[in-house]
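> The opening position of the sequence shown corresponds to residue 1 in the numbering used here, with each subsequent residue numbered one higher.
Don't read these hints as lab results, they were simulated from the structure. Beta carbons: idealized from backbone N, C-alpha and C, even for Gly. There may be inaccurate statements among the hints.
As the list claims (entries may be wrong) - Here are the simulated distance ranges between beta carbons:
| hint | residue 1 | residue 2 | range |
| --- | --- | --- | --- |
| 1 | 156 | 129 | 35 to 45 Å |
| 2 | 92 | 140 | 38 to 48 Å |
| 3 | 25 | 111 | 39 to 49 Å |
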Amino acid sequence: MGAGPDAPAVTVGQGAPAGGVDREFLALERELAVFLRRARAQSGEMAREVHPELEPAAYGLFVRLDDAGPQRATELAGYFGVGKATMSRQLRALEDLGLVARDPDPADGRASLVRLTEEGRNRFRHVRDARRERYVRKLADWDRAEVAELARLLNHFNVRSEG
């Protein structure tokens, strides 16, 4: 679970360099930047695998709707930190492709819940499963405990980042 080939080796406890910033946090920032850049590129590729006309942000919508089930557009906008107009535009494009649908919200007849259609769920899960297989291949030489620890640490980071 190392850094990139040109990253400096960092061990816990090295302390702060002359600039006053801990080397550990500089290394973390660098590795997160690489990880996020790759994740954005992969998200676009996966969205296009679901459907060639999709924007990269669509893949995240599929993940959220598959994990959390039907949601209001305003909930989705809040979750992703985008405006209602942006979310509305993204959902409209997915609806036009037959990948999501809106149903009346039983709790409030004025609102609707967005859900994956069967076609949308099937396409998304096919791409997600292929992605998971790529992770299995890339991490084949890792011990399962290392994979579990990486997942645990990423979850811890994500939970802390929400609040």
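> Mind listing which of the numbered hints don't hold for this structure, in increasing order?
1
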